[in-house]
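S.K.: In order, the protein sequence lines correspond to chains G and L.
Going by my numbering, the first sequence opens with residue 2, and the numbers climb by one from there.
Going by my numbering, the second sequence opens with residue 507, and the numbers climb by one from there.
Everything labelled a hint here was simulated from the structure, so no lab data went into it.
Glycine is no exception: its CB is placed at the ideal position from the N, C-alpha and C atoms.
Each hint can be trusted.
Facing chain L, according to a computed beta carbon distance under 10 Å, are these residues of chain G, among others: (1) 15; (2) 57; (3) 96; (4) 199; (5) 205; (6) 275; (7) 277.
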Amino acid sequence: MKLAYYPGCSLKGTSFEYEVSLLKILEALNIEIQEIPDWNCCGASAAHSLNHNLSVALPARNLAIAENNGFGEVLAPCAACSSRLKTAKYEMGSDDILKKKITDSLEMPYSNSLNISNMLEFLINVAGKEKIKSLVKKPLSGLKVASYYGCLLVRPPKVMKFDDPERPVTMDELVALTGAVPVDYSYKTECCGAINSLSKPDVVMALTGKILYDIKEHGADLVVVACPLCHSNLDVRQREIERKYAERIGLPVLFITELLGLAFGFSPEELAIGGHMVNADKVLKKIS
Amino acid sequence: MKTVINEQERRNFAREVESKLHDKLAKCYQCGKCSAGCPVNFEMDFTPNQIIKMTELGMADKVLDSKTIWLCVSCNTCSTRCPKGFEVAGIMDVLREIAVNRGIESKTEKEVQTFHEVFLDNVKSNGRIFELELVGKYKLKTKHLFRDMFLAPKMIEKGKLKIHSDRVSNINQIAKIFKDFE
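Just chain L, with the same shape it has in the complex (with noise of 0.2 Å):
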């Protein structure tokens, strides 16, 4: 891999990554064994410990476009496993937020973020979620929509899918929270 690394940018986004994080990248030492614990390893385009280290070289677009931040499923196998403690689980959430914040929707992966959005949308709306609006709206938006439908009439049967959901009654309190933090 060709990397020319300019040395301002690289300080300013690792310095950002770190700032969220609350950890240094220097912690990590490239042992792996974040990666070899990793449960969804099989389906990532850059291990866990080659995030790190490309987060600290600057690699910011490769990085941010990666499948790997959006594959991870948070699990915090590598985190507990790190020997030296380094947050690993916690810097996917950093990178997923900061690709977010800049614009950068990804390639392959956009549904995994379009079911957050969704799910984000149902909370503000709601306050709480509403499983069937949920899942009708993430179909909707990713045109998926006979993906795992079978499972829906059996669901129903067993009384699984409730047809209304209960909201928030202060509401504006829900919106108050996503006007100050969103």
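So here's chain G without its partners, still in its complex pose (with noise of 0.2 Å):
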């Protein structure tokens, strides 16, 4: 089946790395994906803010190109963009007449048949954990990592229909498979409040500031997150977080996908590590 790849706004833009080290791994797992063409923004919550109609158009016009272009599958890494398309398929899939709104609209024929995965989902189920595990050849061993799940991978589970969306599992086994420990904490799910990170920065910092502080409490040397704009909270922000609160955090916060890239033997470098505001030097020593 050819693998469609949506990479989104961000994975173009602040959160190159997700992509510099998503396209990294899956050379190493031997996995094909093609970009699909000319695709554009899916809306995001501004377009579910405004106007409904317009946050089912404009995912929908990227999954009809893929559909056209006889992809069975799209990966979408970015959380956001993978709940966005999603709901657009699911919007659809229980709205005739918004579809029949929309293909017009588009004037391509649409099935509304793709799946669409998130960067864990497509981890788990195309990669699989036997293949996974099998490429680690520098165990993390002895490294503390917090898996941060946010909002959007698992949340609404009737949409996102992946993992549990109270005590979800899945980024912990895939921590688990390149030797590291996986830190149990409170915060998996709670939100760091993307949809207001510019227009709240308050509200933004007293969330993404409790998740922080409890992952340090719960002794973490790292966190790792899927998502770009919960990696943006999280990473971006903490040095003003922690000059707000007086409280130093001085946690990494690392994609998925550069913690397995560095488990399948990538330097720093080759997964744009450097790119994070958190140095991770130091943290990265523990494993070398």
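Both chains are sitting in their own frames, so use the hints and assemble them into the complex.
M.R.: If you want it as structure tokens, here you go:
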């Protein structure tokens, strides 16, 4: 089956590290993906906040292009994008009138049959745990890693149909495959506030700070995420949160693809880990 | 709170919300589970369960001008936990959309709305988000020119802020989607 890749805007901009590391590990896994030709923004939270129909129509264009190019499976590594693509599929599956309006507007045949995977689903279902485990050349023994899932990978469960919405384990399982120790903590699925990151920074810092300090208290060396928006809040705003609450955090935030890449034997440079705001050198010395 | 309910207006508003939401307001029995788990409840003027009841009571003006509808972070914790399976996060989207269509601008949370509007303008003109342009236009509109600016030098150094962006080639199709659905 041909595998489509929907990068979304963040992976081409502020979260380029996610794309770099993703392409590296897929190369190692011998999985070929092709970018959806001429893809557009999914509309993110702005579209669903202001205009429901637009919030379905924008992602639908990408799905229709993918389908008409013969793809059966789409990987959307950004949790927000995967949530919007899955929601569009769900809405068009339950609202025939809207689906017809959209396909008429796009002037493309569309059957709504694509399977959409977020990064974790793709790694578990398409790559497979056995294959991932077989590629671990450099076990990350002794490294304590907290998996932060946030909202959009697991909620709402009737649309995402992935893992447990209150106590997910998939990312922790991937962490365990690398030889690192998964760290349990309270706020795995608490929201970091990404939707209002620029418009309500004080609220976002309160939400993100709560998550980071909890992870710190549970003794993690670093955090892994599978969402560029979570990453922006946890990594980019971390220094500011430390200043605001006058307490050091010092937690590097890696994409799950980077953690797997390290275990596969790639260097931090090859995985663009230097692109993060919180320096990971000291923590990574533990495994070198 | 003094409330005078006009039954006709009440029904009109409740019906408008229900038809957009594809759900029934009466499903909610006010247990408050949505509000207990809401990560931004500390900033809201009305809790999510109050918003549902006020909508059912036809209190359109208060609901559409509430801080709550714009502070909701759409994390869906409420909808996931609702024992009745009511679309709690969904009602916030519906109320925001109705507020915008009626030209009601939030007195206190205007910036949230402005951010979404600037974001969609960016999608409309490029087909994709050009982050630098998005942030620049948002700052000009809200006059928060210096907020978060201390992050910029390091983000540029790290290669996080691109100076140019890729546009969608078939931009006419994007324009058509906006024309058909905006």
